[in-house]
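Below are the chains, spelled out letter by letter.
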Amino acid sequence: MLLALETSCDETSAAVLRDGVILANVVASQVRLHAEYGGVVPELATREHLRNLLPVVHEALDQAGASIGDLTAVAATRGPGLPAALMAGFTSAQALAFARGLPLYGVHHHEAHLYSPWIGGQPPAAQFDQFEPNVSLIVSGGHTMLVHVRGELDHTVIGSTLDDAAGECFDKVSKLLGLPYPGGPLLDRLAAEGNPAAFEFPRPLLAEPNFDFSFSGLKTSVRYFLEKHPDLADDPQALRDLCASVQAAIVEVLVAKTVRAARQLGVKCVTASGGVSCNSGLRRELELRCAKRGLRLRVAEKRLCTDNAAMIGVLAERQIRAGKAPTPFDEETRPGWSLER
Amino acid sequence: MLITRTHSVAETEAAGESFARSVQPGWVIGLSGDLGAGKTAFVRGFARGLGSPARVHSPTFALLNEYEGGRLRLFHLDLYRLNTAEEIRGAGLEDYVTRPDGVSVVEWIERWCGESQATEGAGPGTLRRIYLRTVDEQTREIAYDCAGA
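First to last, the sequence lines map onto chains A and B.
Per my numbering, the first sequence runs over residues 6 to 346.
Per my numbering, the second sequence runs over residues 10 to 158.
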């Protein structure tokens, strides 16, 4: 039985797995912890990871019907991420593994994202029997990248954003529109009732023959648009049309480049994960374009799109199975860890 | 205060590149400016001016990106998601905005120190401030409130 911890950014999460089956996956911001632990504390404060960790681990073990003594391995996100946040989870995992004499596995956060679309079923479990080579879109507030996953534990980054992440573009456009932060999910809901062809916004790098993205200019073009039409966002339908038009621009670039990459690399499967893969417009467009091109599509389940420890555990178990050596106890976190190395 | 104007993203990057050439270890450079004013573009040029080949991208969600390969280690911070000095300390970022082991460039620095903290007589580890302002779609005004530019 394996315990996995994830603390690379805002979320404190712990998961318990056995042979690919996720027995528990607890994310601090998504649950109300028992009052005895003082409840859930505000996100973004790194030191709060330390306050959250113990109750989150206890909750995960309780849900799994397990105790510390049942564990045979410990995994934690080693990077990339905010240094102090990573350290909270990684050193806690080190301490637990060392004290219990268990092997420790330091996992790459983005590599774990590559496998979250392969978690499914009830109880949720890693479905590696269904795995096939794919192009994987990791798209969130902090990241936008395309990865060629040739096989299990074998991948190459083929493109990423040159400036802002797609989720950041959603949130900053929402801010310009006066929507409450974080505005991405709200923009998605407004866009559902708007006309995506109402206004024309740029599709950055769409015509470029590479797999990189750029969303900073799109954000700025929305700003200029609003300066020219200062009252437009006050009209509810115009606001919905604007949201739909901006979302269409972001989604078109993401989907077109993802599908193009799959075709060029000759893979028959596309996967997507990260917070923005919850966006309904993106999910719908991926489904349409993949179906049209005969590509199989696997998008992470909504509760596994955002940062979670289950995917950390799934990858760690797979690495153990593949014979990967544990991470020595004198190793440190790697805040700037690139997926290539 | 030294004020210049740039007329494209490339020129804003070039301004950052040239500023970076005179930067000393321990400097903290605070950037202020609206969404789309060109802060991240300035940092992209800044990294190039330090000689780093790193791909500079927005740290809005990560809060901190670190770029190596230049003559100084570059910490690229973005305080957009944080509202108070207390939250910045809570995120473990205080050292990066006071005494970096290299050089820090901090977007939305006003979240740490307010709108108009002076930087006269700045030494190593002291804040130097740069204000970016959108004049029109292409033009940006860059105001350096610091010596050594």
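It should be emphasised that the hints constitute simulated quantities derived from the structure, not laboratory data.
None of the values given here were measured: they were computed from a predicted structure.
Ideal Cβ positions, reconstructed from N, Cα and C, are used throughout, including at glycine.
There may be inaccurate statements among the hints.
Restraint ranges, calculated between C-beta atoms of paired labels, are given here [stated by the list, open to error]:
id : chain 1 : residue 1 : chain 2 : residue 2 : range
1  : B       : Leu-11    : A       : Pro-185   : 32 to 42 Å
2  : A       : Ala-330   : B       : Leu-44    : 44 to 54 Å
3  : A       : Pro-333   : B       : Asp-145   : 48 to 58 Å
4  : A       : Lys-233   : B       : Ile-12    : 19 to 29 Å
Quick rundown of the hints versus the structure:
no., hint, in the structure
1, B/Leu-11 - A/Pro-185: 32 to 42 Å, "holds, 38 Å"
2, A/Ala-330 - B/Leu-44: 44 to 54 Å, "holds, 46 Å"
3, A/Pro-333 - B/Asp-145: 48 to 58 Å, "holds, 56 Å"
4, A/Lys-233 - B/Ile-12: 19 to 29 Å, "holds, 27 Å"
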